[in-house]
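Asks: Assemble chain A onto chain E, guided by the hints.
Here's the letter readout for the chains.
There are 2 protein chains.
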Amino acid sequence: MTFVSASITAIFSTKIDRDPKKAGSYGVGFTVDMGVEARASEKNGVFLNGERVSFPTVEHVLERLGGKGVDLRTRLPVSCGFGVSGASALATAVEISLQKGLNLPFFRLADIAHEAEVVNRTGLGDVVTQSFGGIVARVRPGSPSKSRVERFLSRAEVDFLVLGQMPTKEVLGDEVKRRSINQAGKKRLKEFLKKPSLENLFVQAKKFSLESGLADDEIVDVIEAVESRGGLASMVMLGRSVFALNGKGAFEEFGGDSFSARITGCSVRL
Amino acid sequence: MTFVSASITAIFSTKIDRDPKKAGSYGVGFTVDMGVEARASEKNGVFLNGERVSFPTVEHVLERLGGKGVDLRTRLPVSCGFGVSGASALATAVEISLQKGLNLPFFRLADIAHEAEVVNRTGLGDVVTQSFGGIVARVRPGSPSKSRVERFLSRAEVDFLVLGQMPTKEVLGDEVKRRSINQAGKKRLKEFLKKPSLENLFVQAKKFSLESGLADDEIVDVIEAVESRGGLASMVMLGRSVFALNGKGAFEEFGGDSFSARITGCSVRL
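In the order they appear, the protein sequences are chains E and A.
Residue 252 in the UniProt record's numbering sits at position 252 of the first sequence, with consecutive numbering throughout.
Residue 258 in the UniProt record's numbering sits at position 258 of the second sequence, with consecutive numbering throughout.
Be careful, since some hints might not be right.
[What the hints assert, rightly or not] Covered by chain A, per the in silico footprint, the following chain E stretches (three or more residues, Cβ under 8 angstroms): (1) 105-112; (2) 148-157; (3) 194-205.
Everything labelled a hint here was simulated from the structure, so no lab data went into it.
Cβ atoms here follow ideal geometry from the backbone N, Cα and C, with glycine treated the same way.
Bound conformation, chain E alone (with noise of 0.2 angstroms):
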């Protein structure tokens, strides 16, 4: 079994390129201790907690490794923020190798974790967070391999509460909104780097939230009900919810799945 931590972004900003490798984003991230799991099937295709699931993204590794299926285990939801898609590509391209006995080197099977995802859109920064582990700065964009990060190891634990799905593709697309995610996210990266603390990172990521334009009102009031009683919250990107240092008090007075998990720096473990 192989597993992959889930990995939330905080703050990005994205880079297009058509060139897959060249593809990703600027941003900081993290990696807790929940996330996906994988087993090598000798069934056909991808099984999600034990349903056959069409999902291009995994099924992009299984056909670049020559791995038959996968069975995929994980109790974080999906299209919400979590970087499932990220960890799911991941975490398979890591056991067919060991299944196949291929003695590929660990970035070759990140890369082509990051590059099914650039292709079929499902994230830009996920893999290279998770290939490193912990909180994640991502300072120049790519695929794990060609990327360049800071990694800051931390033993907090974080809330989150899931508000809903938020659609990826519509929001990246949209022209206007895009320009404006990434001038707040190269600012709010620079501002972190400054002081990278994880209470430095909430500031700036609940700044990005606001000046990108990403939060809606609900977002807003979660993240402003956790500071009204101590904590420290923003928004998940991207979905519908807030990740918060104390939040769970706060997170009472609304709808919504809420979980704990630890931030972790060991993201991939056998």
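Replies: What follows is chain A alone, placed relative to chain E:
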């Protein structure tokens, strides 16, 4: 608590440089799920398994980061080739940075641990291997941030037999010995990278231990005993120790302590 894995060097060649950031080694090593646990301490100095010790490599790290003291715990033998000093230095660096809220990037901490090893002549490559985790081929030497590696994941359990300590400084201080080590080390690294499987690691590592002149008669006897029972084995660099796949049965014929550990890609855990 910060845990850092033991690091077993299978193949190496030295790169000496006045600048400790540029000094290091080429080679192949791997990390396992046994190692050193570090806890920041209110008492001054370095404590190893409860006893106050003189440990210049770790003291160097404490001084650089303004740490008072550290409590280290390990079940590994010291000076037998398990990278205990590197693991102690890196775990101390991470632990002190977290305790003091220094917010230093992980690779900055790893560089400090590497420099502490080089300056005190306790290691040239362990901290690089430990910073990445898994089976790590060091293809460009230097401190972790300056080095370049190829990293491979594996699920194997490895057996160890410890026959005694080896005087690292004496071995590496001998010009003639160092020349044959470096020549064999570069050749065997190249041969490993042609087919980076676990089996080939053992094949190339054994050739390295013979060609370099580092394996003595007893070590060769142990390796051959493992092979005659269908296993694979080579010498731990630099210690009078053997690592093996399926070595348990053969080890029983010899004196010395034995134990087993799994290769891990997660060599730093909080």
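Asks: Next, verify each hint and record whether it holds.
Replies: Hint check results:
1. Residues of the region 105-112 of chain E lying with their CB closer than 8 angstroms to a CB of chain A number 3, which satisfies the three-residue condition for coverage.
2. A count of 6 residues in the region 148-157 of chain E with a Cβ less than 8 angstroms from any Cβ of chain A is obtained; the coverage claim is therefore met, three being the minimum.
3. With a threshold of 8 angstroms between beta carbons, the proposed coverage of the region 194-205 of chain E by chain A holds, since 3 of its residues qualify and at least three are required.
Of the hints listed earlier, there is not a single one the structure fails to meet.
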